[in-house]
Amino acid sequence: MPLVIKDEYPEKLFRDDGKRLDGREKDELRPIKMEVGVLPNADGSAYLEWGNNKIYAAVYGPREVHPHHLSKPDRGILRVFYRMATFSVFERKRPAPGRREKEISMIISDCLKPVLFLELYPGTAFEIYINVLDADGGTRCACTTVAALALADAGIPMRSLVTAVAVGKIDGELVTDLSGIEDKAGEADLPCAITWFNEELSLLQFDGNTNLEEFSKSLSLAKDAMHKIYEIQLDALKKKYIEIQEEFNGGEKN
Amino acid sequence: MMNIKRVISTIEKNYILSNLKKDQRLDGRDLWQQREWSVKSNVIASAEGSAEVSLGKTQVITGVKYDVGTPFPDLPNEGVCTFMAELLPLASPLFERGPPNEQSIELARVVDRGIRHADCVQTKKLCIKEKKAVYIIFVDIYVINYSGNLIDAGGISSLTALISSKIPEGKWENDEVVWTGKYLTGDTLVNELPIVFTYGKIDDIIFFDPSLPEELVLDGRISISVTEDKITSIQKSGVATFSIEEVEMLGKKSMDFGKKLRKDLNLWQYKL
Amino acid sequence: MEDEKEEINENPTTDASDDVDVDEFEDEETSRNLVVPGEILTEDTKNFLPGRGTIFNKDRTKIISLNIGLKQVRRNYINVIPLRGFYTPRPGDKIIALVTDKNPVKYICDINSKDKGILKPKNTVARGKPRRYRGGPPDRHDNNTDKYKIGDILIVKVLSADRLNKPELTTVGKYLGKRRDGLVITIDTPKIPRVIGRAGSMIKMLKNLTKSNIFVTQNGRIWLKGEDIAHERLLIDAIRKIEKEAHTVGLTDRMSIYIENEKKIRGMN
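Residue numbers (the working numbering), protein chains in the order written: chain A, 126 to 379; chain B, 257 to 528; chain C, 485 to 753.
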C-alpha cells in the first residue's frame, strides 16, 4: 500500500529570489564535513556529512581473498561494497543489496583502482565498505570521496586522492551538487570523479539531456567544485595530526 | 588488546579471568559497572525516528521507518512492529558481509522480545482501518562499531528511536488512506520503557556489560529485560550454566540497574 | 604504470632487543611537515631522488608522496615516514605470533599481516644433543607439532618472506619462544620505532617508570607484564598516547611527565 504521505516533488526547483530551494546559488556546494580514523576496528576509515548525506567508509587490506577463486596471482584485487541502510531513503529500502548498489559498487571500484598499486600485492584483496545511513542526492560521488579518504587513512600507498561531485540541470539551468530533490526532479545528472595525479576523470556517468555546450559547461562547473571539495579532503586528513602538533608545539622543524 | 581474530590467545583469556577473580577489569571498572552511555536522537533526516547510541566504544545507529499494510488475520486491528539488526563489516573484521547470520538474528530477536513483552509499542494504536490498513513499524539496528555488548546498546537505541519518532497520521477515507495533516509521536507509540541488561560469565565469575575482549573469551552470557517492576524477557546463550540463585540475583540487580538507568538517561526527553 | 613497480618499503627499521638506535621520528632529518598521498614534495628533480614512500610523477618533473606521513630529506633522497600502514614481514624481524591452526607438519600463525606465518617443527627446537631421561626416549619436538597449542603466543623471528611464499618463522633464538603470561596489545605498525625511541630511550623509560616488562616487536604487537593491573593499565594508556602523538617533538620527556602525573592521580607509586 502507498505511504500516508507520498514522495512528491515541487513544480519549480528555483525560488522567486533566483536561489535554489535550499537557498544555494547555482554553483554552490552544500555544507560538507569529513573526518578520518573514526572506526577503530577497521584498517582505515572515514566519515562524511554532505548536505543530509551521512556516510561511513571503512577499508580492510591487504587481506586474504574470500572467496578464494576471485584472487589474482599477479595483482591484488579491489572490492567495493556500497550499501544503503533501510532507513536512509524516503520509502524503507529492503536490507539486501539491489542491482543499483552492485552497479555503483563496481563504478566506485573502477574509479579508485587507478590510484592504487595493486600489482604490488598479488593474491590479496583490498575491501572498501561504504554504508550510506542517510541519503540526499549525489551519494555515489560522496561515497567515492569518502572512500578515497579511508584508503589514505589505512596507509595504503596511493598516487593521489580522488574527488567526486555531481553536477546537473534543473529547470533549464546548470547547477553544481544536486540535492536529493534536484536529482529526482531535474533534467540531467552528471556524476564524475577526478584522480588528481593525472587530473583525469575516473568516474563518469550521465543521465538526462543536454546539448554539447551545456555538457562542456557542466564539466567545467564540476572541475571547480572538485577543487573545493579536495581542499576539504586534505584538511580532514591532516587536521587530526596538526591539531596534536599545535597542542605540543615545541618548535617547527622544516 | 590484540587485533580481533577468531582465535583468542590463551594468555588473554587467563589475563581476563585472573583479574576478574580479583574484582578487576582492564578498563578500570568493577564487576557490576556498566560503561558510559552516549545518546543522540534525530540523527537521520530520512528516517521517521532515529538514534545514535554508544555504550563504551560500541556504537549503533537505529532508524525507524513505517509502511502501511494489511494486518495479520488473527490481529485485524493491530499494527506490527518488527526489528532487524545488521552487523556491518565496517564495525569489525569479525563481521562478514552477506545475509544476517546467527549473531545478528539473535541481536534483533532479543531486543524485539524485551520490548514486545513489556507491551511497550502500542500496536493497537497503529490501526488505521480494521482488517484493511495498519501501520508496520520497522526498527532497524545498524552496528557501526563493535566493542562488546551489542544487545544493551541495541535496546537503548531502539527505544530512543521509537520515542523520537514522528509518523504521518493516516485516516481511512473513500477506501484509501489519507493524511490527516498530523503526526503520531513517541508517546503514542511507546508505553513502557523496558531496558535490557547483559551479563557475562567466565568460569564461575559473573560480570556486567562485557567489553569486547571479555565477550570474546566468555563461556556464557545472559540478558535480562526489565520494566520498573517486571521481568519481561530473558535470553541465556553460550555453554556456561547459571544456578537458580544466580539468575534470581541477576533479576533483582537488573531491576535496580533499570530504575537508575531510566533516571540517568531520561529517554522521554527525545520525544518530538 | 610499468615504470612504477618500485618496492614500497613500509617497515620500521628498529628492533627492541638489538637496541638499534634509529627512531626516524626523532631524526634530525625528519621534518614535522605533514604530507598526504599525491602531495608534491619537490619539483627539483635534478638534485633529489624519490626514496621511501615517494615516487616520480609520469614525466619525472616532480616527486610525489605516496602516504600520509612526515617529509624527510636525507642526503639527496626525499622520503616520507608514514604515520599509517600495515606490516609486511621481512627476514630478521622479531614479531609476535598467535598459533591459529596446526597440523602434524606445521603450525599456522597469525602475524598481523596479509599472510599467515608458517612455523615448522624443526624451527622450534635448538640443534644439538637431545636431553636424555632415565629410561624413555629423548623428548624432541623437531618432527611433531606437540610443543605448541592453538592459542599460544610466541615471540618468533622471521626466517624468510617473499611475495610468492608464506613467511617462515622460528622460535629458536634469544628471547624467542612461548609466553605463558602477560598480555599483548596491537598498535599502528609505523609507530613501533617511537615506542622504542632513539637507542631504546623511550622503552627504557616506560619499563622503569611503570615497573613493567615490555617486548616491542615489528608487527605492531607489544607484549607486556606489569606488577599489577594498575601498572599495566597505565602502561597501555602511555603507549596509546605515544601512538597518537608520535609525530610531535619532545615526546620522550612529555611521556615521563605524563606517567609521573598519572601515577599521582591514580594513587600509584
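FYI, nobody ran anything at the bench for these hints, they're computed from the structure.
Quick reminder that beta carbons are idealized off the backbone N, C-alpha and C, glycines included.
It is possible that some hints are incorrect.
As the list claims (entries may be wrong) - DSS-like mimics (lysine-lysine), calculated; alpha carbons at most 30 Å apart, straight line:
1) B:K519 to B:K313
2) A:K363 to C:K530
3) A:K363 to B:K381
4) B:K387 to B:K438
Claimed, not checked - Not the full set, but computed from the structure, chain C residues with beta-carbon under 7 Å of chain A:
5) L550
6) N551
7) I552
8) P566
9) R568
10) G569
11) A610
12) I671
13) D712
14) H715
Here is how each hint holds up against the structure:
A distance of roughly 22 Å separates the Cα atoms of B:K519 and B:K313; the hinted pair therefore holds under the 30 Å criterion. Between A:K363 and C:K530 the alpha-carbon distance is near 29 Å, which keeps this suggested pair within the 30 Å criterion. At most 30 Å may separate the alpha-carbon atoms for a hinted pair to count; A:K363 and B:K381 exceed this at roughly 52 Å. For the hint pairing B:K387 with B:K438, the CA-to-CA distance comes to about 23 Å; that is within 30 Å, so the pair holds.
Hint status for C:L550: holds, given a least beta-carbon distance of 4 Å to chain A, under 7 Å. For C:N551, the shortest C-beta to C-beta distance to chain A is roughly 6 Å, which falls under 7 Å, so the interface hint holds. Interface hint at C:I552: satisfied, since its Cβ lies 6 Å from the closest Cβ of chain A, which is below the 7 Å cut-off. Interface hint status for C:P566: upheld, as the beta-carbon distance to the closest one in chain A is roughly 6 Å, under 7 Å.
Taking 7 Å as the C-beta contact cut-off toward chain A, the hint placing C:R568 at the interface holds, the least distance being around 3 Å. Below 7 Å, beta-carbon pairs count as interface contacts, and C:G569 has one with chain A at about 3 Å; its hint therefore holds. The criterion of a C-beta within 7 Å of any C-beta in chain A is not met by C:A610, whose closest approach is roughly 32 Å, and the hint is violated. Nearest Cβ of chain A to the Cβ of C:I671: about 12 Å, over the 7 Å cut. The hint is violated.
At about 26 Å, the closest approach between the beta carbon of C:D712 and any beta carbon in chain A exceeds 7 Å, and the interface hint on this residue is violated. For C:H715, the shortest C-beta to C-beta distance to chain A is roughly 24 Å, which exceeds 7 Å, and the interface hint is violated.
In summary, the numbered hints that this structure violates are 3, 11, 12, 13 and 14.
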